[in-house]
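**Student:** Start from chain A and add chain B according to the hints.
Each chain, letter by letter, is given below.
Number of protein chains: 2
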Amino acid sequence: MILDKINMPQDLQALSKEELNTLADEMREVIIKKVNTTGGHMGPNLGIIEATIALHYVFNSPVDKFVFDVSHQCYPHKIITGRKEGFTNPDKYLEYTGYTAPEESEHDLFKVGHTSTSVSLAVGVAKARDLRGGKENVVAIIGDGSLSGGEAYEGLNNAAILGSNIIIVVNDNDMSIAENYGGLYKNLKQLRETKGMDSCNFFKALGFDYCYVEEGNNIKKLIEAFNRYKDVSHPAVVHIHTKKGNGLKVAEINKEAFHWIMPGTLDAKESENVIVTEDYNSITNEFLLNSVEKDSSVVVINAGTPGVFGFTKEFRTKLGENYVDVGIAEEHAVASSSALAKSGAKPVFAVMSSFIQRTYDQMSQDLCLNNSPVTMLVYWGGISSADATHLCVFDIPLISNIPNMVYLAPTCKEEYIAMLNWSLKQTKHPVAIRVPAGSLITRGVTDNTDYSVLNKYKVEKSGEKVAIMGLGTFYELAEEVKQELKSVMGIDATLINPKFITGIDEELLENLKQNHELVITLEDGVLDGGFGEKIARFYGNSDMKVLNYGAKKEFTDRVSIDELYKRYHLTKELICEDVMKVMKKSVNYL
Amino acid sequence: MILDKINMPQDLQALSKEELNTLADEMREVIIKKVNTTGGHMGPNLGIIEATIALHYVFNSPVDKFVFDVSHQCYPHKIITGRKEGFTNPDKYLEYTGYTAPEESEHDLFKVGHTSTSVSLAVGVAKARDLRGGKENVVAIIGDGSLSGGEAYEGLNNAAILGSNIIIVVNDNDMSIAENYGGLYKNLKQLRETKGMDSCNFFKALGFDYCYVEEGNNIKKLIEAFNRYKDVSHPAVVHIHTKKGNGLKVAEINKEAFHWIMPGTLDAKESENVIVTEDYNSITNEFLLNSVEKDSSVVVINAGTPGVFGFTKEFRTKLGENYVDVGIAEEHAVASSSALAKSGAKPVFAVMSSFIQRTYDQMSQDLCLNNSPVTMLVYWGGISSADATHLCVFDIPLISNIPNMVYLAPTCKEEYIAMLNWSLKQTKHPVAIRVPAGSLITRGVTDNTDYSVLNKYKVEKSGEKVAIMGLGTFYELAEEVKQELKSVMGIDATLINPKFITGIDEELLENLKQNHELVITLEDGVLDGGFGEKIARFYGNSDMKVLNYGAKKEFTDRVSIDELYKRYHLTKELICEDVMKVMKKSVNYL
Numbered sequence: 306m307i308l309d310k311i312n313m314p315q316d317l318q319a320l321s322k323e324e325l326n327t328l329a330d331e332m333r334e335v336i337i338k339k340v341n342t343t344g345g346h347m348g349p350n351l352g353i354i355e356a357t358i359a360l361h362y363v364f365n366s367p368v369d370k371f372v373f374d375v376s377h378q379c380y381p382h383k384i385i386t387g388r389k390e391g392f393t394n395p396d397k398y399l400e401y402t403g404y405t406a407p408e409e410s411e412h413d414l415f416k417v418g419h420t421s422t423s424v425s426l427a428v429g430v431a432k433a434r435d436l437r438g439g440k441e442n443v444v445a446i447i448g449d450g451s452l453s454g455g456e457a458y459e460g461l462n463n464a465a466i467l468g469s470n471i472i473i474v475v476n477d478n479d480m481s482i483a484e485n486y487g488g489l490y491k492n493l494k495q496l497r498e499t500k501g502m503d504s505c506n507f508f509k510a511l512g513f514d515y516c517y518v519e520e521g522n523n524i525k526k527l528i529e530a531f532n533r534y535k536d537v538s539h540p541a542v543v544h545i546h547t548k549k550g551n552g553l554k555v556a557e558i559n560k561e562a563f564h565w566i567m568p569g570t571l572d573a574k575e576s577e578n579v580i581v582t583e584d585y586n587s588i589t590n591e592f593l594l595n596s597v598e599k600d601s602s603v604v605v606i607n608a609g610t611p612g613v614f615g616f617t618k619e620f621r622t623k624l625g626e627n628y629v630d631v632g633i634a635e636e637h638a639v640a641s642s643s644a645l646a647k648s649g650a651k652p653v654f655a656v657m658s659s660f661i662q663r664t665y666d667q668m669s670q671d672l673c674l675n676n677s678p679v680t681m682l683v684y685w686g687g688i689s690s691a692d693a694t695h696l697c698v699f700d701i702p703l704i705s706n707i708p709n710m711v712y713l714a715p716t717c718k719e720e721y722i723a724m725l726n727w728s729l730k731q732t733k734h735p736v737a738i739r740v741p742a743g744s745l746i747t748r749g750v751t752d753n754t755d756y757s758v759l760n761k762y763k764v765e766k767s768g769e770k771v772a773i774m775g776l777g778t779f780y781e782l783a784e785e786v787k788q789e790l791k792s793v794m795g796i797d798a799t800l801i802n803p804k805f806i807t808g809i810d811e812e813l814l815e816n817l818k819q820n821h822e823l824v825i826t827l828e829d830g831v832l833d834g835g836f837g838e839k840i841a842r843f844y845g846n847s848d849m850k851v852l853n854y855g856a857k858k859e860f861t862d863r864v865s866i867d868e869l870y871k872r873y874h875l876t877k878e879l880i881c882e883d884v885m886k887v888m889k890k891s892v893n894y895l
Numbered sequence: 306m307i308l309d310k311i312n313m314p315q316d317l318q319a320l321s322k323e324e325l326n327t328l329a330d331e332m333r334e335v336i337i338k339k340v341n342t343t344g345g346h347m348g349p350n351l352g353i354i355e356a357t358i359a360l361h362y363v364f365n366s367p368v369d370k371f372v373f374d375v376s377h378q379c380y381p382h383k384i385i386t387g388r389k390e391g392f393t394n395p396d397k398y399l400e401y402t403g404y405t406a407p408e409e410s411e412h413d414l415f416k417v418g419h420t421s422t423s424v425s426l427a428v429g430v431a432k433a434r435d436l437r438g439g440k441e442n443v444v445a446i447i448g449d450g451s452l453s454g455g456e457a458y459e460g461l462n463n464a465a466i467l468g469s470n471i472i473i474v475v476n477d478n479d480m481s482i483a484e485n486y487g488g489l490y491k492n493l494k495q496l497r498e499t500k501g502m503d504s505c506n507f508f509k510a511l512g513f514d515y516c517y518v519e520e521g522n523n524i525k526k527l528i529e530a531f532n533r534y535k536d537v538s539h540p541a542v543v544h545i546h547t548k549k550g551n552g553l554k555v556a557e558i559n560k561e562a563f564h565w566i567m568p569g570t571l572d573a574k575e576s577e578n579v580i581v582t583e584d585y586n587s588i589t590n591e592f593l594l595n596s597v598e599k600d601s602s603v604v605v606i607n608a609g610t611p612g613v614f615g616f617t618k619e620f621r622t623k624l625g626e627n628y629v630d631v632g633i634a635e636e637h638a639v640a641s642s643s644a645l646a647k648s649g650a651k652p653v654f655a656v657m658s659s660f661i662q663r664t665y666d667q668m669s670q671d672l673c674l675n676n677s678p679v680t681m682l683v684y685w686g687g688i689s690s691a692d693a694t695h696l697c698v699f700d701i702p703l704i705s706n707i708p709n710m711v712y713l714a715p716t717c718k719e720e721y722i723a724m725l726n727w728s729l730k731q732t733k734h735p736v737a738i739r740v741p742a743g744s745l746i747t748r749g750v751t752d753n754t755d756y757s758v759l760n761k762y763k764v765e766k767s768g769e770k771v772a773i774m775g776l777g778t779f780y781e782l783a784e785e786v787k788q789e790l791k792s793v794m795g796i797d798a799t800l801i802n803p804k805f806i807t808g809i810d811e812e813l814l815e816n817l818k819q820n821h822e823l824v825i826t827l828e829d830g831v832l833d834g835g836f837g838e839k840i841a842r843f844y845g846n847s848d849m850k851v852l853n854y855g856a857k858k859e860f861t862d863r864v865s866i867d868e869l870y871k872r873y874h875l876t877k878e879l880i881c882e883d884v885m886k887v888m889k890k891s892v893n894y895l
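Respectively, the protein sequence lines represent chains A and B.
Residue numbering for the first sequence follows the numbering used here, starting at 306 and increasing by one per position.
Residue numbering for the second sequence follows the numbering used here, starting at 306 and increasing by one per position.
Simulated from the structure, these hints should not be mistaken for laboratory data.
SDA-like, lysine to any residue: derived pairs with alpha carbons at most 20 Å apart:
no., chain 1, residue 1, chain 2, residue 2
1, B, Lys889, A, Asn846
2, A, Lys491, B, His539
3, A, Lys535, A, Val368
4, B, Lys763, B, Val750
5, B, Lys491, A, Ser504
6, A, Lys733, B, Ala693
7, B, Lys494, A, Gly468
8, A, Lys730, B, Arg437
9, A, Lys818, B, Val887
10, A, Lys886, B, Ser847
11, B, Lys548, B, Asn559
12, B, Lys766, B, Asn820
13, A, Lys491, B, Ser504
14, A, Lys730, A, Asn676
15, B, Lys770, A, Asn846
16, A, Lys440, B, Ser602
17, B, Lys491, A, Ser469
18, A, Lys889, B, Gln819
19, A, Lys818, B, Asp848
20, A, Lys389, A, Asp330
21, B, Lys500, A, Cys505
22, B, Lys857, A, Ile809
23, B, Lys877, A, Asn846
24, A, Lys491, B, Ile466
25, B, Lys857, A, Leu759
26, B, Lys494, A, Leu467
27, B, Lys494, A, Ile466
28, A, Lys857, B, Pro708
29, B, Lys440, A, Ser602
30, A, Lys818, B, Lys886
31, A, Lys733, B, Glu411
Bound-form chain A, shown alone (with noise of 0.2 Å):
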């Protein structure tokens, strides 16, 4: 196998053309099993293998530098530049991360998981050379769907201007994670269209030098346009046109499915696919047709990843005009539905709590600040094994800390239909909702909760001594606490379901003085800015005790959640172990 010779970037020099397609066909082959074996990106490797074989043929990683965006398209550059058997030797299939990673390489220049930064990245490296009169090249790898974010643009506002070297190698296949929405994507087709001899020239009109490349997956082709552009003095972009999921049938055809995959997805028979369960996805998709098909002002929105939420074609089909994807745009996805709010439409906007990072300001000041009725949902929240980019733990004090906003935290099905029914129908409040992460809890009651009486808190059990508050998917854990307490000190705790993040019940809280000496707070999410700080904050003044559970601040990077309750304190036995403790210490108890 040519692969077997391929250790690093240079000894790509010592391969014929035609080797160099071999190589190709080999990384193809191997991408695919082992992402079909581990799960991961699989349509982005597979559509960019030529260009990054072009790439570090002709440029001197890691002297020459290479940023790729949101890095999703990593892996043929992680097999060239000495990880291979990350690829090859299926032991070894999860020792690298699927991103890029300076840890792991010094051809990995910055740890990457969102989207649109690549630009920006690059200008800085590209400034710093200038500063110290250094000559190397600085190439950017950025794909059309990334190209929908702001940031991406003021990247490239930047770095037209930069007046030297730096190369933008747009990679383009057509697609985001699903389908494009934007004016600039037109723009790419008609660039497409005519190989790049528009005059109307989305990039030209920025100022960069620009060269198209029809052949995006030809090796030969893209060589020749990287070394037009190598050392060039100034600003250029090189826009290679490329087919997502390239050489594997099905992955082309269903581009959207392929573009991360679950692992044996190739193996799979049909009929093995379809196992309809009803889970968070699936009732939130229902009520939201149904909304829509009751009110026609009701406008489902997301940035640019629908597949997070389920919302499959045959779902955005039959939302018709009321379903938008924005791009991968969230700062335009919050403003926007502000403003729908306030023009009388009813805004429901979808969005992965690692995301939802990427629009505090909108928050803030066009949601918030104008009060305006939007409902966010919030997926995913809470600790998990994900990759440090991709963690959604700090959604609560993103969120929670700015003024106006409802964040409610549904402990299960019927609490959080009547969350969506209360936020769809009231006018007064930006509300977000954090969508359970996990398997559909159902209690078979139905919620008649009025959530417009804010901060109200559900005293589940009453008990003594103790009160366990579980917010939102811990209220499980405060259960089980309850019952260790019970079992281990004989303690019959009281047992809260506060299912409101951004505000504290002080009648309730209040009325816990008078019998208990102890309350627990259990948070899903990292605790600095939290839930269970306020808590603290609130009996900071009174003998009561407070103990909070939650995740520490720090990026974790695909450990265990085992491990990560385990650190945490997160389980009945280390949270009782802690609770003796601080009784103990008590004079009332003893």
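**Tutor:** Just chain B, lined up with the frame of chain A:
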């Protein structure tokens, strides 16, 4: 006066074209007088008087909808829409805010004060109209400077595919607050020079119908252009070339200085102007100039608001290649700073507290996850009587709950300089420094603290029973509280200067338990998610009482600082009263 006849937009219809011109002159006069009396945005408002008259002449507000970007150019609009007394009657000069405000008028759709949001908002307004089958015009008015922000691009990208009426008036005066930066501005220049005929056209590339109006301060020409686009059935850009500060010579010449002026600027004699006193801006600038002189890898970055930091033209020129204005593009500023730092340069990003909100995800992902040694200088942080759109109380929760970040709060010149020196020297952490707002405090003793020992608070005075933590600018209040406790209660309190916002000095906090029963925290920002709550959490399992002081989670709007301090109990007397209540309850004390 013609102005006497104008009480609502429809009154314009009765005027001849000549009278409209006279009206513009009269409006100019009252705006100049009012702004020179109260302070405010001068240049932007003078430049858009004619366009505002033309807009209200052609369109039918509030049926047709206007969305003003950043809205610091809304004074002419306010005059025409029933609020002229706020400009003609000195007694009512302060009655209206300097920004659009729905509570003032149905002609204002949104409370807006941050840049680059108008197109997104207009898209939402237009989409809501389309869903209910409306036919009114939706018009966004956005300056060329605001087009550097990523959200403006996200908005344009989505507006272009709306498929229905949306008119974007690009108010191009060839200026941001200071000069413009970015590739786009070459294109705008080209378009101005070719009277809009250049085939390379940023707006056309995004898919807009486009027209150019060279005489953007000519009411007749503007009316013609707007009439052509009224009721248009597709997205359109009307690019008007205006003059910032139009009609006030000194403002036309000194565009940057007259963007926003202090009261009385027009009356100030040369000699009165320049009293050079040392303040936090001047010592920062001196530090930065010295740093660049000693080390050419130091880069000073800001996002379009150099005036906030006193980055004068002279200062910028001196810095030369080591100064970067990225346009109003905070996301790019942070990401490119991270890359600069990773590439061996020493970036210093200066930003106003209110605008750091525009870049959370880049701080989290690009900066802190990559642990890049960037120095961020956060200006104006603290409770103030500012407009609701420019509050600076949210930066502590925003910044300090991100892992790896080191956020420092100096209390005086010497500490600030020591922190700056350390931050630029070290290579391990992203560091933010909260530049003290207000007048310079100097203690006359060089600070030799080694800030690489993180989270080490300083005990300034050792006492007992009560410990007071005065964070940053509130250190002085802490000193006052200490004296008050002594004189009123006879308590000799411990005085602590935490310095580190991002972490807990566990050893010190543990030690305080020995002879203290109450810890008071004082922070100049919102309590929710802030510094004090972390102290409350730490002591949750102990007998230590904690009282947290800071701002309530709310949007305040031009409320006097005295009233806010009273509301939040931020005076030595009110705090002392609270302490007495808590201490009376305490068994140990009685």
